[in-house]
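Got two chains here, separate frames each, mind docking them using the hints?
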Amino acid sequence: MFTLDQLTLIVFPFAVAWFITLMILRTAVVLRRGYKTELGLEKGSPRRGVLYSLTFSMLPWKKDSVRRHPLTYAAGMGMHVGIFATVFFALGNRFWAWPDFAIPIFGACAGVGFISALGLFLKRNMMSYMKPITNPDDYFSNLVVQFYLLSGCLAAFAPTLIGLWRLSAIILLLYVPLGKIYHMLLFFVSRILFGLQFGRRGVLKHDLPLSY
Amino acid sequence: MIQEALNTLEKKLNLPMATYLEACTHCGLCAEACHLYRADPVAKHIPCFKADTVRKVYQRHFTPIGKIFPWLYGAHDLTEKDLDGWVETVFQCTLCRRCTIECPLGIDNASIIATARQILTQSGKAPSTLAEHGRLSCDVGSPLGVTREQFFDRIAWIESELQEEFGNDDLTVPIDQEDADYLFIPASLELMKYPRTVQACLKIFIAAGVKWTMSSNRFDVTNFGVFLGDPQITKTIATRDIEEAKRLRVKILVTSECGHAYRALRWEAPNWFQEELPFEVKNVIELADEWMAQGKIKLDSSVNHKSVTYHDPCNITRNGGVIEEPRRLLHASVQEFREMTPNRERNWCCGGGGGFHSMPEYKDVRLQSGLMKANQVKASGAKILATTCANCQLQLNDLNEHYNLGVECVSVTDLIADALVVQRS
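Here the protein sequences line up with chains Z and D, keeping their order.
Taking the working numbering, the leading residue of the first sequence gets 1326, the next gets one more, and so forth.
Taking the working numbering, the leading residue of the second sequence gets 7, the next gets one more, and so forth.
Extracted from the complex, chain D is given alone in its bound form (with noise of 0.2 Å):
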């Protein structure tokens, strides 16, 4: 088990890695930069705490100067009674990188942990329902085990909504469509939880006239092999996803308001598999918002008429540069729209990321750790709160009934949605 570690540890040692382990100077300023630790001032909240977990090994094991005075950074030999105190430490974090950008020498922690937690889950010490949930990804397609069934269930039921929203019996959601510009990929989240999310997305389609389909094979973009670090698991979700759009000879696959698939499917996949995607991948978001600027979607803010603040998904602002489209959105379709702050790459994370919601031991952790999001979204005043990310709504919402924030939460294209300027037939 510790030689397989070891052998992982040294798989990844690239330069970014090498570089990110060896310039830390233990200054501290990551700890207040962390939300965990701004909730719960303990030391396994501290980022570079975090990372040094690894950073010790690898200096006893890699470094010429680690091997031969290793007390000289209180380094050590990895033993299995390590790697059972890690789980906790690098479990317990969403991979936001708000770390990172405050960092004055840039570390990416989050690379660090994402390892830490590649060798935890080899060595089967993964919290057992994100490992679950993992599992099921691979084998059913889904975490949360959404049947093919269950899916055309679902989309029955809002293809009958959308009929009736756009006064057209005949209006069907296309499936399997071969030559389509767009494959619209949700996440089982949504699907299952957030359905309207999904129709507001299938009616911004539609509403732009453009030429898309879904898939009967691939229903679910999210893949949890990133939260676990595995990247057996993260690249058979994807090999999945970029198979289907490449048998189905689409343009641009579609990612939903899903933060870490975007992530994984728009920015990590090609350097995974090594070559260019044949497509294009963007979130739906990014679509709306050309679609507005082309006309081909019109919105009428009068609609909505509350005071809304938006949370910026880590995955979609921080790490995805996906960060004035939302606000271009949001001016257009609602009437009074409020910043919180700190925005865009310094927004707080609000707890929910990093496969969080798929470990309840660690629920407490959670709710705690939201509460530099929960004291943004108080000092807003705003009444509605929208994001663009399943996972973050999850968090939200719990955030809202645990803090008592009195808002309601909602997706962006919920609003989008709601503002569309529907031609009814």
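In isolation and in its complexed conformation, chain Z is listed as follows (with noise of 0.2 Å):
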């Protein structure tokens, strides 16, 4: 009998290569609907677009979503936080020792990202107007999450706990390319995309004073 920590061992690379081939597939069949520069006078810079779309016009003060709903705003960074947190230390992992004083600190923002998804996931429940724009895949997406980010929490603190951390990565790894975490690698392609526009008819200009 094969132990949940041994079984995940061998299961994880057949994951991870699901993973990449999927979403290469997945990736290929958006790449390839094809993309034609737009044409017309620049009145301002596409590039300078691209740069302000990727930074500064993402800034909390920047969004009136976030002045309204601050709360669903921090939700949402501290739940990404605890995703990029969680990945470094596994791929980190992979190359080096973390330091003993690192690994509560990941575990702490896997904590932080689990009660920001459950917050997201409870308020796609609760808000009426959510209830309309929700679809199997939105929920799935969230618990998969949730399981990543608690066991990952979890490990952090009970190390034996790893198997289950490990599974829930291979969960993930397999979601994924399915549903809509694969926005991971549109949401590039979007903001490269609006900047692109935005900058070009001279629209965003970050040096202006703030609109509100």
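These aren't lab readings, by the way, just hints derived from the structure by calculation.
For every residue, glycine included, the Cβ atom is placed at its ideal position computed from N, Cα and C.
Just so you know, nobody snuck in bad clues.
Across the chosen pairs, the derived CB separations fall in these ranges:
hint : chain 1 : residue 1 : chain 2 : residue 2 : range
1    : D       : E94       : Z       : M1383     : 27 to 37 Å
2    : Z       : S1453     : D       : Q300      : 50 to 60 Å
3    : D       : K257      : Z       : S1453     : 49 to 59 Å
Right, here's the structure in full:
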């Protein structure tokens, strides 16, 4: 009989292979659609637009939605910080040994991420306006992330649960190319397209006084 | 009909469209970015809900995972009943793209909604009055059915007014002058409802002392194909403007204060035809700003002493990039200028765009959707509400009455024309 730890160690490379293969295939399907550079005389700089789109335009005080929903913004940030921190931890772990003091920090990040993801899940269920824009993928994606972050948090403080965390990572890797978490790649494409167009038209001007 | 709709969608699936359709996380932050939703918080006004109409069809028919697991995305086969259900959802949108600015991913919901409109128009399901205006644009050259005789009548009247203003009985409005530097094309809405604005534009041209002309073939710059999402109508109308500018060999085609026409000719037309236009396209406000900087026109702000606030038209500002020009002109033309908040690219849409005015069946929704704008105007405390889009002006006038705002709605060129220092003969 295999333990969970042994079993997940065996399955993990296959999950990684699945993840990479499907991500490439899905991205290829999107990219083959083709892109034509916009024509017409530039009024602003597309390059500056992209730079601004990927940086300053994401700042909380640049978004009306943040002013109206600071908790949602905080939860979104918390969840993403948790994910990135744990992925960074796991990747780093392959190449070097993290110092002892770092592990609880990553664990805490995962904990914050879990609470944030849970909060967003509750919001999706409790706010009436979220129901019509929710489909099964929205629930699955959130639950998969919640499981990954919770098990990551627990494993940071109870190393015997590392197999459970690996299992959650396997599920995450299997699901990402299928569901909306795939936006992790398209986020950049979408922001770049946004910056190209609005930058070209001279709409994005970060040196102007704030609009609010 | 269904197969035709799917073919249309497939043709529109370039990288940006596929990205926008795949990247949405349904976070819901776009909801409160929309003036329609803020005024009436129901699902059909949530931008990503509107975009989901097309998204679910895309996932079902064009993505491998959606074909295998459609239930995962709530995706389904497209039916005629679906199309009927789309009509209200996608035509009750002003395509203002405020949701794009607020979206964490920068998803352009308006381009998806425009695709849905194209599918509905092809299926004969577009609102009838809007479709009729599109037909008139193509067949007569003007959605209001303005004829050449009416155009000449209007210009003759404006000409006599200008003669009086400049104290010059020999002053004429140049029509069909070849090799002029500028070809000015107004909107039929301005000609018929806001002739004072056309007069103001012409006064600015005359005061600047430039070589300009109008056209007896193209006297309406509006393009209702944009609202219908109909590429055939859109290109037909744009081609007429482009060919006329080529025929007259002008250097710059100048659109009047018509938001969608400027956006269409300035930013979209080169992409539709996949070639650079052999002339520049500018808005009359951009030119006035240039001429003011060059000293060709001089403005005296003392004549406009009432407080003025400015409504940024979505197609001029957020989608057109003409942002500081009207502000510089207003600062020079009026004694007291007050900004609304938020403003510039985050400005609230007035609710008059996207062809809303040509869909009388949605009049109540249109007026209701102006709530955020009405609140902005009230908060500014200004006496005069200026804008640079005739369509917005029409809506702002309606909001003024509906919400009892107590302001005077004018175009920016009206204020500039009043402030112009004129050399009388």
